[in-house]
Amino acid sequence: MDFSLEETLPVDPRKVDRIASPVTKAWDIAYLRFAKPDLNEQAAFFKDFGFIIAEQTDERLMCAVPGQAPISSSSKKRLKQPIWGWVSR
Amino acid sequence: MKSREDLEALAANDKVTIDTVDGPGGGERVRLTDPNGFTVDALFNRTLQTEQPMRKARAHNTPEEKVRINQGQRAPLTPPDIARLGHVAVLTPDFETSMEWYKTRLGLISTDVLCLDDGTPALAFNRFDRGEHPADHHSIVLGTYPVKGYEHSAFEVHDLDAVGLGQQVLKQKGHKHEWGIGRHILGSQVFDYWSDQDGFKFEHYADGDVYTADYETGYHPLSTQGLYQWGQDFPPTFTKPHISFSFILETIHNLRTIPSFTFKKVKLMIAMTGRKARPWL
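The listed protein sequences derive, respectively, from chains A and B.
Take the first sequence: its letter number 58 is residue 58 in my numbering, and every next letter is one higher.
Each number in my numbering comes from the position in the second sequence (counting from 1) with 1000 added on.
Okay, chain A solo, but in the shape it has when bound:
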């Protein structure tokens, strides 16, 4: 067996350098937000996945994750794209 889990590149890669002085250094990812057409269906999936439903109205569904800020909400309003949020500790 001469296979390795780690593959090697055929050429030298173009390096992805670090930014010397970024504007901030974020600590963690806080939440995601999605635009969803059916909040009841969404709640059913989220419950089976393991989320705790913290709040459900006609307009929004909030899921909670223990020890973190409320993280994942769906809005019935058709947002163009998902939203991500970042926080520190």
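Derived by calculation from the structure, the hints in this document are not laboratory data.
Values in this document were obtained by computation on a predicted structure and should not be read as measured data.
Treat the hints with care, since some could be wrong.
In silico DMTMM-like cross-links for lysine to aspartate or glutamate, where the CA-CA straight-line distance does not exceed 25 Å [said to hold, decoys possible]:
#1 A:Lys15 <-> B:Asp1214
#2 B:Lys1201 <-> B:Glu1178
#3 B:Lys1265 <-> A:Asp17
With chain A's structure known, arrange chain B on it following the hints.
Only chain B this time, still in chain A's reference frame:
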């Protein structure tokens, strides 16, 4: 953010205002828009939820050490306790600009970068710069794709049994399974992917890698070959785009307007996704 000064710096950098958050968690927010049009909130002074009781990780017997005596290995057949949101993977036709945007504003470090055969970076697993404190192998994944979009998000559970029994529950409830259970190579997570009723992918994972800021970036080829060490065969449908009229229109538009998104890049990407996963089999 670590301080209000961080919010002020971001607000000044992008010429936006600092707002008070009206919803759950409270605190203050700077709302940014990334090069793809996704909204990114930077938050400070959030009120975290109080800790809720969660089960502990299961104890495992090893050949050297038997920690479980007169006791079976039984995790509950319930949805797993979700411990935390671990990462989100974002697809973008403008990988270079997106990387620059996120790294400049959030200080991300690339843990592992996947490159095309000509050495061009095409996908990056990025972690937070926590100095000497370890951060997840990746919290924000950016990957080149013909159109922008959400790929998946991943949530950490306690142990392998939580991943396994979580699968049993989702299966029993009739949800759509995507891929798993297996163990990734980059990040090492034991994973299981499911999709919701709208086709949005969500991942349960356990036992992922963490790195401090001094760990150097690794470079690897972009291919299905590097995706996992063991587990269910990789289904080709997992990364296959849903080719619709709007997908084609957006792809053509992106090829014409984004300098770094070229036909050559698309050709190299298609060639690499065709490689065999787990070449030792």
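Going down the list of hints, with the structure as the test:
1. A:Lys15 <-> B:Asp1214: holds, 16 Å
2. B:Lys1201 <-> B:Glu1178: Roughly 8 Å separates the two Cα atoms, so the pair holds.
3. B:Lys1265 <-> A:Asp17: holds, 21 Å
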